[in-house]
Amino acid sequence: DTEVTQTPKHLVMGMTNKKSLKCEQHMGHRAMYWYKQKAKKPPELMFVYSYEKLSINESVPSRFSPECPNSSLLNLHLHALQPEDSALYLCASSETQLAQPQHFGDGTRLSIL
Amino acid sequence: ELKVEQNPLFLSMQEGKNYTIYCNYSTTSDRLYWYRQDPGKSLESLFVLLSNGAVKQEGRLMASLDTKARLSTLHITAAVHDLSATYFCAVVVGNNRLAFGKGNQVVVIP
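Chain order of the listed sequences is H and D.
Following my numbering, the numbering of the first sequence begins with 4 at its first residue and continues without gaps.
Following my numbering, the numbering of the second sequence begins with 1036 at its first residue and continues without gaps.
Errors might be hidden in some of the hints.
What the hints assert, rightly or not - These stretches of chain D come out as covered by chain H in the derived footprint (C-beta under 8 Å, 3 or more residues):
#1 1059–1066
#2 1077–1089
Stated by the list, open to error - Derived DSSO-like pairs: lysine-lysine, alpha-carbon spacing no greater than 27 Å straight-line:
#3 H:Lys12 with D:Lys1076
#4 D:Lys1038 with H:Lys25
#5 H:Lys21 with D:Lys1076
#6 D:Lys1052 with H:Lys39
#7 D:Lys1076 with H:Lys22
#8 H:Lys12 with H:Lys41
#9 H:Lys44 with H:Lys12
#10 D:Lys1052 with H:Lys41
#11 H:Lys44 with H:Lys22
#12 D:Lys1038 with H:Lys44
#13 H:Lys41 with D:Lys1076
#14 H:Lys12 with D:Lys1137
#15 D:Lys1038 with H:Lys41
#16 D:Lys1038 with H:Lys39
#17 D:Lys1091 with D:Lys1052
#18 H:Lys56 with H:Lys21
#19 D:Lys1038 with H:Lys43
#20 D:Lys1076 with H:Lys25
#21 D:Lys1052 with H:Lys56
#22 H:Lys41 with D:Lys1137
Calculated from the structure, these hints are not laboratory results.
We put the CB at the ideal spot given by N, CA and C, even for glycine.
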C-alpha cells in the first residue's frame, strides 16, 4: 500500500479522447510531481507543483495539462495523445520541493490506441 | 551534461551469494536516493544518503555514499529471490530535481 493514491490504475484511450489522471495524498505534503516512465527506463520528470503552483514544466507537450485543485490533489488532463505517450504515469509527493525523499504512487498504466 | 550511471545494468545473482551494484554520478550532489521497483509497480524508497561516508542498512541491503568519488554502492548480502527487482539510484540536482540512473535489473536465481 502507498500513501499516494492514483486513479485509474489502467486506462486505454483513443487519440481523440479526453481523459484525466488523478493523484491524491493526505500526508500534508506541499510538493507534488508527475513522472512518465517507459518500460525498462527510469522515470522522467514532467511537472512539479509547489504549494499548489506550477514550479517546473519540463517542456512537456501541451496535450498534457496538469492541475492542482488543492494541496492534496493533482490531476493530469490528457487530450489528443499519441501512441508514443503510452507509458506508466507516476505521481509523487514530498514535504516540500526542497525536501526529499519523494513518495510515489502505484501509477496509471496508460495505453493509447 | 549530468550523467548518472549504474552498473551493471543487468545482474543475475545466485541465492546465498553477495553482490555489489554501483551508481556513479557526474555532478556535485549531497543527496542520493536508492529506490526499488518491481515489474509494473511503483518506486519504493529504500535509502536516503545525505552525507559523505553515509552508510545505511536494511535487512540484506546496505548502501553507502562517497561524495568525493561521486559513487554510491548497494551491497546485497546472501541474495534471496525476494530481492529480484530493478534498483534505481537518483541524485538531487538543480531546482531539487531527481536525476535517475538507468537502473540495475537484478534477478536472483535459486
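Hint check:
no. : hint                     : verdict
1   : 1059–1066                : violated (count 1)
2   : 1077–1089                : holds (count 5)
3   : H:Lys12 with D:Lys1076   : holds, 11 Å
4   : D:Lys1038 with H:Lys25   : violated, 32 Å
5   : H:Lys21 with D:Lys1076   : holds, 25 Å
6   : D:Lys1052 with H:Lys39   : violated, 35 Å
7   : D:Lys1076 with H:Lys22   : holds, 22 Å
8   : H:Lys12 with H:Lys41     : holds, 16 Å
9   : H:Lys44 with H:Lys12     : holds, 19 Å
10  : D:Lys1052 with H:Lys41   : violated, 31 Å
11  : H:Lys44 with H:Lys22     : holds, 25 Å
12  : D:Lys1038 with H:Lys44   : holds, 15 Å
13  : H:Lys41 with D:Lys1076   : holds, 12 Å
14  : H:Lys12 with D:Lys1137   : holds, 24 Å
15  : D:Lys1038 with H:Lys41   : holds, 19 Å
16  : D:Lys1038 with H:Lys39   : holds, 19 Å
17  : D:Lys1091 with D:Lys1052 : holds, 20 Å
18  : H:Lys56 with H:Lys21     : holds, 23 Å
19  : D:Lys1038 with H:Lys43   : holds, 18 Å
20  : D:Lys1076 with H:Lys25   : holds, 17 Å
21  : D:Lys1052 with H:Lys56   : violated, 48 Å
22  : H:Lys41 with D:Lys1137   : holds, 11 Å
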